[in-house]
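Assemble the complex: chain R is given as a structure, and chain E with the ligand must be docked to it using the hints.
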Amino acid sequence: MAELTYRDAVAAGIAQEMERDENVVFLGEDIGAAGGVFKATVGLFEKFGPRRVRDTPISEQAILGAAMGAAMTGLKPIAEIMFSDFLAVCWDIVANEIAKTRYMTNGQIALPLVIRTANGAGSRFGAQHSQAVENWAMAIPGIKVVAPAFPADVKGLLAAAVRDPDPVLFFEQKSLYPMKGEVPDGEHVDELGKAKVLREGKDCTIVALASMVHKSLDAAAILEKEHGISATVVDVRSLVPLDTQTILTEIGKTGRLFTVEENPRLCGWGAEIVSIAAEECFWTLDAPMVRITTPHIPLPSADKLEDATIPSVERIVKEVSQKMD
Amino acid sequence: MDTSVKRKKAGSPPEIDIGRETRMELYRQQLELRYCEKRAYDLFLQNLIKGTSHLSLGQEAIAAGFGVAMRPDDWTFCTYRGHAHTLARGASMAGVLGELMGRECGLLGGKGGSMHLTDVSKGAMGSYAIIGAHLPVAAGAAWSAQYRGTEQVAVCFFGDGTTNIGAFHEALNFAAIWKLPVIFVCENNLYMEYTPIHTVTAVEHPAADRASAYGLEKIVIDGNDADEVYKTAVKFMDRARKGGGPALIEAMTYRHSGHSRADPGQYRPKGELEKWLEQDPLKRYRSRLLEVGFNEATLKDMEAEAMRKVDEATETAKASPVPGLDAIDRDVWADGSTAWRN
Ligand SMILES: Cc1ncc(C[n+]2csc(CCOP(=O)(O)OP(=O)(O)O)c2C)c(N)n1
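Which chain is which? The protein sequence lines are R and E, in order. The first sequence begins at 1 in this note's numbering and counts up by one. The second sequence begins at 1 in this note's numbering and counts up by one.
The hints are simulated quantities; they were obtained by calculation from the structure and are not laboratory data. Keep in mind that the hints are not guaranteed to be accurate.
Listed below are the simulated DSS-like cross-link pairs for lysine-lysine, each with C-alpha atoms no more than 25 Å apart in a straight line [what the hints assert, rightly or not]:
hint : chain 1 : residue 1 : chain 2 : residue 2
1    : R       : Lys318    : R       : Lys225
2    : E       : Lys50     : R       : Lys100
3    : R       : Lys47     : E       : Lys179
4    : E       : Lys111    : E       : Lys50
5    : E       : Lys309    : E       : Lys283
6    : R       : Lys323    : R       : Lys253
7    : R       : Lys100    : E       : Lys111
8    : E       : Lys38     : E       : Lys270
9    : R       : Lys225    : R       : Lys253
Here are a few chain E residues that sit away from chain R, every Cβ distance over 10 Å (derived from the structure) [stated by the list, open to error]:
hint : residue
10   : Gln46
11   : His205
12   : Gly215
13   : Gly243
14   : Lys270
15   : Leu277
16   : Lys283
17   : Arg308
Partner residues aside, some chain R positions facing chain E, computed with beta carbon under 8 Å [said to hold, decoys possible]:
hint : residue
18   : Gly69
19   : Met72
20   : Ile93
21   : Ala110
Here a beta-carbon is modelled for each residue, glycine too, at the ideal position from N, C-alpha and C.
Next up, chain R with everything else stripped away, as it sits in the complex (with noise of 0.2 Å):
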């Protein structure tokens, strides 16, 4: 096992892919010689050149359009959306072109393809660089969805994504890119669709994805030492496919479900697992489910106004420990 930032894990699993297969390729905005704005693709360009990876001009559209057209000739594009909240400009050829074309065309057209993009908190960036929008891709039908939390499960998920049939939006943390862990050497190659139990408890189970998984793991362990209540913390590592037995395995395991999410309250993604809860499991509730979110309001820029935006380690330890009284 190498010791590897999350950014490198990102390098690291294309570089397995596009090895293996010479139909993986990459494009984007400056992930050529310059490695891309966070750096998470740095060597690739050295490593298998201008052919295989391309810079592209400011061109969203363009960009994806293009990795749907190469995947339905025979590629395995990975494209990269520099700040998730950029799809917004290429929604159309998300929402409407890759999500639906198996459908609509019968079953004629296969889309293997990955987006990849930056998403979430925690950099100062503003409203327009800070989004966590995983839910947005999460409510169309057609389009899997991953957001990994640690380094091996960056690379070994995006190789997963990548032999994929179906198209992947690839949610990579920004605030998680230098944060270490160790990584599997050799070919490595999860699964979609499993959820990670990270810490098993007796008293609560806490549902969380990316970032919110480390902060997730700090506030238990502080519940733990200082107010003597056993967390469960459940890394959910794929919207869609979701886990859901695995969640509602350790609901019922605890009685207690809080959800810990970077999303605006309306429509989050822990919205459907406490509804999924609510219909699957509501008799071995103990009490009422708990979400904990980012107010409806757009993210602040400043230190003080961010932090106090995204749920941190403080907001969680508060809210389960007064919830659990």
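Structure of chain E with the ligand alone, referenced to chain R:
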């Protein structure tokens, strides 16, 4: 096809002779596209076709010219006004009419409808109902041909109104900088939906006048002349195949019917349609064929044969059952299921 592409010297534009067989093919296609679309209109009136539909009556020379010029493994991308383009690639006529009627035999099993006709086995890579969305997609297909060195070409049809949407400009620049083998074909029928294009566009030729912005040449052709379309198609597809990059072609034409099923086209000034009916591509092509030595009997036979084919396709489509409800949740995902959770 008996088309020969000759060059005076390497690099100079090819001179194209249109042989007798190619001419017959061009006429046959135009007849079939015309008769089939007229049939679709009749089927609407009988309420056998629901929803909306966009006919390209009067624009057949463009679909036919390209259809005949394309290699079977080339790709076509078209719009919601895509019946003719799809048929011109050789898609089953019963499959097209069946799809319009929502039958099981439809090209998309009834899941796509008129605006999404697709037949991948014939290189018809989809009909896109969002204005301009398919231009970057066509560029992407061309990229994959270039990447794999297959010498395939992607041909992308769209209307004049499409030239004012962002995706048009993104795709053109993208295709030009990567020298992709894609031919963008603007069918300028003078109207975007109900609005005359010149009232919403700052240049006279909405596509061709902008070509230079992408380093491309200005090409305006008579889109009602199948020979001219065919020659242009051969010339630029040949160039694209050999690495010469994309072309943007503006073909001038006119739709005889309204924008869609619901539109009687009353916004058009008096006399305009009549003037264009004189330029009807079928009428012109018929005279051309007689001029170059075809006899009346041959043409009559071809016309009867095209009609017979449409009749037969209509009967096949009508006889096809409506799709079973089990089709409803197939093909969301590659594994055939709709399951988004376990
Ligand atoms: C993005 C988008 N905006 C608006 C429409 C509605 N619409 C459908 S067809 C059309 C006119 C298109 O005109 P043109 O590109 O000239 O094509 P034509 O119909 O003449 O073939 C419009 C506005 C649409 N389908 N997509």
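We went through each hint and held it up to the structure:
Between R/Lys318 and R/Lys225 the alpha-carbon distance is near 14 Å, which keeps this suggested pair within the 25 Å criterion. Only pairs whose Cα atoms come within 25 Å are accepted, and E/Lys50 paired with R/Lys100 is accepted, the gap being roughly 21 Å. For a cut-off of 25 Å, the pair hint linking R/Lys47 to E/Lys179 stands: about 23 Å separates their Cα positions. For the suggested pair E/Lys111 and E/Lys50, the alpha carbons sit about 13 Å apart, so the restraint of at most 25 Å is met.
The suggested pairing of E/Lys309 with E/Lys283 holds, with an alpha-carbon distance near 20 Å, which does not exceed 25 Å. Proposed proximity of R/Lys323 and R/Lys253 is supported: the alpha carbons are some 18 Å apart, at most 25 Å. Between the alpha carbons of R/Lys100 and E/Lys111 the distance comes to roughly 11 Å, so the proposed pair stays at or under 25 Å and holds. In summary, the hint linking E/Lys38 to E/Lys270 is supported, as the alpha carbons are separated by about 23 Å, within the 25 Å threshold.
Taking the CA atoms of R/Lys225 and R/Lys253, the gap is near 21 Å; set against the 25 Å cutoff, the hint holds. For E/Gln46, the requirement that its beta carbon stay farther than 10 Å from each beta carbon of chain R is met, with the minimum near 25 Å. The claim that E/His205 lies off the interface holds: its Cβ sits roughly 23 Å from the closest Cβ of chain R, which is beyond the 10 Å cut-off. Interface exclusion of E/Gly215 from chain R stands, the closest Cβ pair being 13 Å apart, more than 10 Å.
Even its closest Cβ contact with chain R, about 14 Å, leaves E/Gly243 beyond 10 Å, as expected for a residue assigned away from the interface. Every CB of chain R is more than 10 Å from the CB of E/Lys270 (nearest about 38 Å), matching its label as outside the interface. Listed as outside the interface, E/Leu277 is consistent with that label: its C-beta sits roughly 35 Å from the nearest C-beta of chain R, beyond the 10 Å cut-off. A cut-off of 10 Å between C-beta atoms confirms that E/Lys283 is not in contact with chain R; the least separation is 35 Å.
No beta-carbon of chain R is positioned within 10 Å of the beta-carbon of E/Arg308; the least distance is around 28 Å. Given hint, R/Gly69 at the interface with chain E, holds; its Cβ is 2 Å from that chain's nearest Cβ, closer than 8 Å. Here the hint on R/Met72 is kept, as its CB sits about 6 Å from the closest CB of chain E, short of 8 Å. At a threshold of 8 Å, the smallest CB-CB gap from R/Ile93 to chain E is about 6 Å, leaving the interface hint in force.
Interface hint at R/Ala110: satisfied, since its Cβ lies 6 Å from the closest Cβ of chain E, which is below the 8 Å cut-off.
Comparing the model with each earlier hint shows no violations; every hint is respected.
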